[in-house]
Amino acid sequence: DAKTTQPTSMDCAEGRAANLPCNHSTISGNEYVYWYRQIHSQGPQYIIHGLKNNETNEMASLIITEDRKSSTLILPHATLRDTAVYYCIVRPNFGNEKLTFGTGTRLTIIP
Amino acid sequence: GAGVSQTPSNKVTEKGKYVELRCDPISGHTALYWYRQSLGQGPEFLIYFQGTGAADDSGLPNDRFFAVRPEGSVSTLKIQRTERGDSAVYLCASSLKAAGSYNEQFFGPGTRLTVL
Numbered sequence: 001d002a003k004t005t006q007p008t009s010m011d012c013a014e015g016r017a018a019n020l021p022c023n024h025s026t027i028s029g030n031e032y033v034y035w036y037r038q039i040h041s042q043g044p045q046y047i048i049h050g051l052k053n054n055e056t057n058e059m060a061s062l063i064i065t066e067d068r069k070s071s072t073l074i075l076p077h078a079t080l081r082d083t084a085v086y087y088c089i090v091r092p093n094f095g096n097e098k099l100t101f102g103t104g105t106r107l108t109i110i111p
Numbered sequence: 001g002a003g004v005s006q007t008p009s010n011k012v013t014e015k016g017k018y019v020e021l022r023c024d025p026i027s028g029h030t031a032l033y034w035y036r037q038s039l040g041q042g043p044e045f046l047i048y049f050q051g052t053g054a055a056d057d058s059g060l061p062n063d064r065f066f067a068v069r070p071e072g073s074v075s076t077l078k079i080q081r082t083e084r085g086d087s088a089v090y091l092c093a094s095s096l097k098a099a100g101s102y103n104e105q106f107f108g109p110g111t112r113l114t115v116l
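Residue numbers (our numbering), protein chains in the order written: chain Y, 1 to 111; chain B, 1 to 116.
Calculated from the structure, these hints are not laboratory results.
Not one of these hints is a red herring.
Examples of chain Y residues toward chain B, derived with CB under 8 Å:
hint, residue
1, 43
2, 93
3, 101
Just so it is clear, CB atoms sit at the ideal spot from N, CA and C, and this is done for glycine as well.
Put together the whole structure using the sequences plus the hints.
This is how it looks when you write it as C-alpha cells:
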C-alpha cells in the first residue's frame, strides 16, 4: 500500500470548517483514498472514500487534486464531537482487504 | 441495530499466561478483521476472515497468536505465553462482504489487554 503523510495535530474553532490535508504522492492508479476517524476510547469509524472525483456525504467532503498526489478532508461545520484522530489511507477498492493506518492527525475542536 | 461487540472490555493478565479475546460481528457480515493498537499508534492489521477461513493472516506477529472463526460468525483471538509487549488494545471489525467492491469496516470498541 502507498504511504500517506499527515500533520500530527491541528486545531479548529467550533462552527468553522476543518480542513485536514493528506499527501499520498506514490498513490497507484487503482488505489482509492479513504478516511477513517477514531474518537477517544472508540474503534475507528469510516468517513468517506474516493478515487479522483470530489466526493461528499452527510459527514464530510473529500477533495482530491487532479494529479491525485494529495487530498483534503473537509468537515464543513466542526463540532466538539468531531474531536478525534483522523486517518488517511490509500488502498485498492478490491482485494487487499486490510486497512493500513498511519499515525493520523489529531484534530481538536476548540469551543 | 447492534454493532460489533468485544469481550472482555479489559483484560489484565500475567506474563506467560494464555488469553482469549472474543468478537461478535454485525449479523450477516461475512468478513471479520482483527487489529491491535499500541499507545499513540494507529491500528495494525493482524488477520482477516472471509467466512470461516483466514484469508490473510500476514499480520500475526508470531506463532503465539492464533484466531478462529469456526461458524463464520463469532471469532476468538488467542494469545499463548503472553509477553509484556503484547499489551495493546485489540480491535475487531466486520464488513458485509470483502471481495468485489469496497465495504466499510465497522469496528468494535476494542479489548484493552494489559500484561503485567
